[in-house]
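Student: Chains as they are written, first to last, in my numbering: chain A, 16 to 360; chain B, 16 to 360; chain C, 16 to 360; chain D, 16 to 360.
Read the hints as simulated data drawn from the structure, not as lab findings.
Heads up, some of the hints might be wrong.
Because identical chains cannot be distinguished in the list, a pair is counted as satisfied if it fits within a single copy or across any two copies.
Said to hold, decoys possible - Within a straight-line C-alpha distance of at most 20 angstroms, the following computed SDA-like cross-link-like pairs (lysine to any residue) qualify:
#1 K142 - R350
#2 K353 - A325
#3 K142 - A33
#4 K56 - F232
#5 K142 - R179
#6 K353 - A132
#7 K142 - A325
#8 K142 - D238
#9 K142 - G181
#10 K208 - S316
#11 K142 - D329
#12 K56 - S138
Number of protein chains: 4
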Amino acid sequence: VINLYSDNVAPVAPEVMAALERANARITMSYGNDEFTREAKAALEAVFEHRLALVPVPTGTAANALSMSLLCRPYGAVFASECAHLHTAEAGATEFFTGGAKIIALPAPDGRLDPAALEQAISRIDKGDRHRSQPDVISLTNGTELGTVYSPAEVRALADVARRHGLAVHMDGARLGNALASLACGAAELSWKAGVDVLSLGMTKNCAMGADYVIAFDEARADEAAHRAQRYGYTFSKMRYATAQLTASLRDGQWLRHARAANAAAAALATALRELPEVTIAHPVQINQIFLRTRVEVAESLEQHGLVVAHWGDGLVRIVTSWATDEQMVAGAVRSFKNAIRSAR
Amino acid sequence: VINLYSDNVAPVAPEVMAALERANARITMSYGNDEFTREAKAALEAVFEHRLALVPVPTGTAANALSMSLLCRPYGAVFASECAHLHTAEAGATEFFTGGAKIIALPAPDGRLDPAALEQAISRIDKGDRHRSQPDVISLTNGTELGTVYSPAEVRALADVARRHGLAVHMDGARLGNALASLACGAAELSWKAGVDVLSLGMTKNCAMGADYVIAFDEARADEAAHRAQRYGYTFSKMRYATAQLTASLRDGQWLRHARAANAAAAALATALRELPEVTIAHPVQINQIFLRTRVEVAESLEQHGLVVAHWGDGLVRIVTSWATDEQMVAGAVRSFKNAIRSAR
Amino acid sequence: VINLYSDNVAPVAPEVMAALERANARITMSYGNDEFTREAKAALEAVFEHRLALVPVPTGTAANALSMSLLCRPYGAVFASECAHLHTAEAGATEFFTGGAKIIALPAPDGRLDPAALEQAISRIDKGDRHRSQPDVISLTNGTELGTVYSPAEVRALADVARRHGLAVHMDGARLGNALASLACGAAELSWKAGVDVLSLGMTKNCAMGADYVIAFDEARADEAAHRAQRYGYTFSKMRYATAQLTASLRDGQWLRHARAANAAAAALATALRELPEVTIAHPVQINQIFLRTRVEVAESLEQHGLVVAHWGDGLVRIVTSWATDEQMVAGAVRSFKNAIRSAR
Amino acid sequence: VINLYSDNVAPVAPEVMAALERANARITMSYGNDEFTREAKAALEAVFEHRLALVPVPTGTAANALSMSLLCRPYGAVFASECAHLHTAEAGATEFFTGGAKIIALPAPDGRLDPAALEQAISRIDKGDRHRSQPDVISLTNGTELGTVYSPAEVRALADVARRHGLAVHMDGARLGNALASLACGAAELSWKAGVDVLSLGMTKNCAMGADYVIAFDEARADEAAHRAQRYGYTFSKMRYATAQLTASLRDGQWLRHARAANAAAAALATALRELPEVTIAHPVQINQIFLRTRVEVAESLEQHGLVVAHWGDGLVRIVTSWATDEQMVAGAVRSFKNAIRSAR
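Excised from the complex, chain A in its bound form (with noise of 0.2 angstroms):
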C-alpha cells in the first residue's frame, strides 16, 4: 500500500533519529536550561538572520493556539482565511486560549487571503466599537492548506494592510519547508522582511519526530510566551530532545532538501495525473500537496487499489507527499488511479 495519506505518516528524517541519540548521550539540564536549546536558538536565528524569541511546543495546534494568545486580546479577532486550519482543524483552540476572541474568516481562492478583501473586512468593524470583537491579528498559512504559497510580495501586501489597521501579522509556517523551497528564497524574505511578527514553523510534516516551535521576532515577547507555554503544559522538561531536532533539521539546509523532494514528488505526480481522464487539479500545486476531484467511484476505490489519500467529500481528494516519497511511490499511485478509474467504469 502507498500511504500519501498526509505527510505526518511519514518516518522521522535519518538526522533527526541521530539528533536524538547525541542528545541522550549524557544527563542535561531540564526545561531549555541546556546547550542543545541554545544551539537550536542560534541555529535558528542565523536561518531567519534576525534575533528572535523560541519557545518549542508539541503540535502545530498548540504553536497557533499559543502565538494568537500572545497577539490577540481576549476581545479581539483575527482574520484567517476560511480554510485556515486554525480555523477548521484545531477544534476552537484559537477562542479557547485567547480567552474567547473570534476569528473572522474570509474567502481564499485556492487557499490564499486577498489584500483588497482583507483590507474590506477589517475596514468593516469600526475601531473602538464596544459591540465588536476589535482587529487585533491576520493569519496566513504559508504554504497554505489549499498546496499553494504566498511570496514575499504577497505576504508583505497583507502585512502592510494589516499595519495600516495596527493589526500584528502571524503566519502559520507548518509547511514554512514546503514554501521555501517552491519560492527559492530566504526564511527572513518571507518572514520578518515581509512583515511576520509571529511564525508557527513545524518540522514535524517536515522530517522530524513532532516538535513544533513558535518564533517570534520581537525577543521581548521570550518571557511571555514562555509563561504561556509552561501553564498550557507545552513545556518539555526533556526540551533538549525537541530542540536537538530543530538543529540537525537546520543544518545544512536539510530541512530545504526534504522540502524539495516533497514538492517534486507533488509535481511529478500531478503531471501525471493531470494526463488522466476524469481527474481534475483542483489547485496550483505548488508544494507537496495535491488537491484533485474526481468522480466519487473513482476516489473510493482508489485504496482498493492500493493508494491511501485523504477523502475531503464528493470526489475531492488530497494527496500529500513526503520527504520519503520515492519515484515507485509516485509510480504506484498514478497506477492505482488509473487501475481506480479503470474499474469504476
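The hints should help you fit chains B, C and D onto chain A, whose structure is shown.
Tutor: Just chains B, C and D now, with coordinates in the frame of chain A:
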C-alpha cells in the same frame, strides 16, 4: 428632536416604575429568596404554560452568554444567523463564556435562518471529528435583528433540524414581545412548543429598566444556571427589583400591549416612508424595526431635520420604535424625511 | 421581624428613587452616551479629586471580576485576605475572568492583611519563575468583610509593598462609604492617594438599587474596561438609570450620611450586646457589621424571637445594619437577644 | 559533575530509544490511528487490569490540566495538598483549563493529604451554595512531591471521603512507578481499586523522552478527553512515537525496574547522608527524592564540590535520583557533601 435610534432610548413604562416603588416598600431578603422573585416565576410559568427555571441577568448580552454557557460545550459550535446579536454585537461573549466555542454564522436573508441551509451546515461537520468544534446549539433571534419574525412553524422547522442532529435550541428573545404581538400567537406556542430549550427574554427594550432573563424550560437546569450566573457577576443581591419589573410587565399582558404599540408605530411609519421618493424599505417590517435605504446625503441630513436614527453605512438606516412612540413622533419622523430629501437634492 | 441579615435587605433610599424618576422623564441615548452618565463621572471626579474612568456594572462580583481582569494577567496571582469576598463568595469569578489567575489567600486577623505577611508571601515566589503564577495584584477590602477598616496609612503600607514588587493595588469598596464614615477621611485620601489603582465602588449595600462601579484612577484604562464590560454582559443599554443612582448617592454626601447612620446603629447595637451574658463580640466593630459568638442554642433561637441574622456556624453570627436601621430596630434586636438567651437556658 | 537536580535530567532508557527506532521503521497513520497506539492501550490495560481510555499528552502539566478539565466544572473546586505540583508548579494551568475552578490547598505533612482534614475542608463548603466554588475533585500525587508515598489503603481512605461527598478522585502519577516500586504493590491496587477515577501517568521522569498520559478508568470518558486534548494542542500527529515509548516502558516491567533502581539509589544516598553532621533528612525517603536541611553555606557550596541539586531556600535541598543513577554517582554525591561540609566550616 425625535429619537428613534433604538428601543432602549425610551423611558421605562409607568407600571414598571410603580413596581419598583412597591418592591421598595419594605425590607426583603436578598439574592432572590423573596416573594417578588417567586411571584415573577409564577407569572412567567402562567404566561408560558410550563414549569421553568428563571435567572434574572443584567443585560441581553448576559442572557445570551449564560444561555450559551449552559448549552454549548467548550469544544462545541453554535449555529446562528450572520446578523445574530450574539455574533455581531457582543464582542465575543459567546466565545468567552463557553470556554472557546465557535459561532458558525449562516447567511440569513431578512435575518432568518433557513432550515435547509442549517441542515447542510451541520452535516458538513463530521460528528466526532476531533479537529472540529462539535455542533451543539442553534440560536435564533425572534423577532430578528432585521425586523422580521419566525412563525411557530418556522421555529419548529429549525428545531426539527436541530433535534435530528442532537443540538439544543436557543431563542434570543430580546424582542420576543414584539414577535408575539406580530404573530398574535402565544408565548408557549412560539417557544417550548416549537422546540426551544432555553430563552433569553428581554424586557429592557420592551418597557423595563434593565433586567433581562434566562429561561430554561427544563427546570433541572436551574442549579447550574444559578451557579454560573453568580460567578459571572449577574446575580443581583437586590434581585427583587429585577423580578418585580418582570411581574409588572407580564401582568394583564402589558408587555404585549407595549409591543403592539411599538409594532403599530413602525408599521405606520413604514407605510408613510414607502411613499417617499429615494426611500426603499430593505426588509419586511414585521416588528418595531424598519431598515431602509436612501441616498447617503439624505441619511446624513436626517439629524439636522430633527430625526435621530442609527446609520449602518452607505445610506442604510435603522429606525426603531418603542412603547413610547406616539402618532406625533411618527408624523414628525415622516416630516424629517421629507425635509431631508428635499434639501439634499 | 427585624431583619439584619445583610445591608442588601434594606430598601433603596428616597433620593435614589427620585433620581430614577428624573432619569425616566425623557428619551435618552443608550449605552452611557447620555448626560446622566456624564454627570455621574463628574460628580465622582469631584468626590475623588481625580480624573478617572467609570464603568457601571451590575454587581459587586462583577466589579471585582472586571477589576481583576484589568489588573491581572492570566498567569498572574492576586494576593488577598483569606476572607476576601472575591476569594470566598464569588464562586471562582476572579479565576474565570482573568483567564485562570490564582488567588493567594493570606491569613488576615480581623479581616485585615498584614504588610509583613504580604511582603513575605510575595517574596516567596521567584519573579520570572515560569512554573509559578506571577504576583500581579493585591486586593484589599475596605471596610473589610469582618467589619473592620484600614486607615489611609494602613492602605499605604500595603500599597508600598505592592509597588516595591511591581504589583497593582485593587480596593474592594463594596462598603467604602462605611469605611470613609468610620475613618472620617476623604475618598481621595483612602484611595488613589494611598496607592489604589482600581476601585470596586459599591452603592448597592449603601442605599442604591443595584449598580456597582469600577473606577480606574488611570483614565487610560477606560477603553479596555469598556470593551471588557461589554463582552462580560455588564454594559447596561439603559445605563442612565445606573449612573443617575450614583449621582444622587454622592450629592451632598448622601452616601456618607447613610454610612454614618448604619455605622452608628451597629455601634449602638454592639455596645448593648457586649453587656449581655454569653455574647462575645468577635472583631472590632468599625463599620456596619457585627460578628459575635454565642451559644449555638441562642443563635438558633434568635429568629423565633424576631431577629433575622446570618449564621456562620458554631454560634458565630453576623449582624449587618444599614441606612434604614433605626433606633427601634436596634432596641428590638437587643430584646431578641435577651429573650433568646433567657429561653435557651 | 554529578547531576541529581531532577529525574528529568537523565537520558532516555535504551529500550525506549529502540522503540522509537521501531516506530520509525515504516509509514504509519497519524493521530493515533495506528498499531503502536493500540498496542500501548492493550499493554496498559494488562498492567492496570482494567479497560481504560488512554490519551497521550506532551507533559505532566498537560496531563493534570486535561484531567482537571474532565473532572472539575468551571464553578468547581479541587482539593489538593499545598505542595501539589498542580498548585505550585503549573502556573495556573488548572485554573485555566477548567474555566476558572479553584484549588483549595490543604496542609500536608510530608506531602500527604490527611483524610480527616480533607473531610473537614469539604464539609466547610455548603453544597449548593452559589457563592462558593463547589467541591468536585480531590487530586493526590503518588509518589508525592516530598518523596513519600500513599499506600493503597491510604488512597482508599481519601477516596472514601471523596465518594461520600460526590467528588471524583485524580491521581498525579508523575512518579507512579516509583510509588509502585516502593510499595511493591500492583498498578490496579494503587489506582482504580483504591478509588482513582483518572490518572496522570508520567513516564518522562521514569525513563522516557517526553510523553505523559491521561488514563481514565471509565472508557466512556475517551471521547471528551480526545476532543479536549485536540483543542488543547496536545494531540501528536505522529502519536506512534509517544505510544511506542509507553509500550516499551511497560514491557516486562521495565518501568518498575527503573523505579526500583532510582529508589534504591535514593535510599542508599539517604542512608549515607544521615550519618553526616549538619545534614537532616526532612521527610521519609520512600521513592527517588531526598529532601534535606543543611547549613546554607554547605548547600551553596555543593556545586563547587561537584554536585548539582535543587535549592529550595534556607538550606533546604532536594536530591532526585533516576534510573541512570549508579553507585559511583551515589558515592560521589556523598563525597561532595563531605567536602562541602568540611570546607564550609
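Student: Each hint should be assessed against the structure and marked as holding or not.
Tutor: The hints, checked one at a time:
no., hint, in the structure
1, K142 - R350, "neither (56 angstroms within a copy, 34 angstroms between copies)"
2, K353 - A325, "within (18 angstroms within a copy, 62 angstroms between copies)"
3, K142 - A33, "neither (52 angstroms within a copy, 38 angstroms between copies)"
4, K56 - F232, "within (12 angstroms within a copy, 41 angstroms between copies)"
5, K142 - R179, "within (12 angstroms within a copy, 36 angstroms between copies)"
6, K353 - A132, "neither (40 angstroms within a copy, 37 angstroms between copies)"
7, K142 - A325, "between (41 angstroms within a copy, 17 angstroms between copies)"
8, K142 - D238, "between (29 angstroms within a copy, 11 angstroms between copies)"
9, K142 - G181, "within (10 angstroms within a copy, 31 angstroms between copies)"
10, K208 - S316, "neither (46 angstroms within a copy, 47 angstroms between copies)"
11, K142 - D329, "between (41 angstroms within a copy, 18 angstroms between copies)"
12, K56 - S138, "neither (38 angstroms within a copy, 32 angstroms between copies)"
Checked against the numbered hints given earlier, the structure breaks hints 1, 3, 6, 10, 12 and satisfies all the rest.
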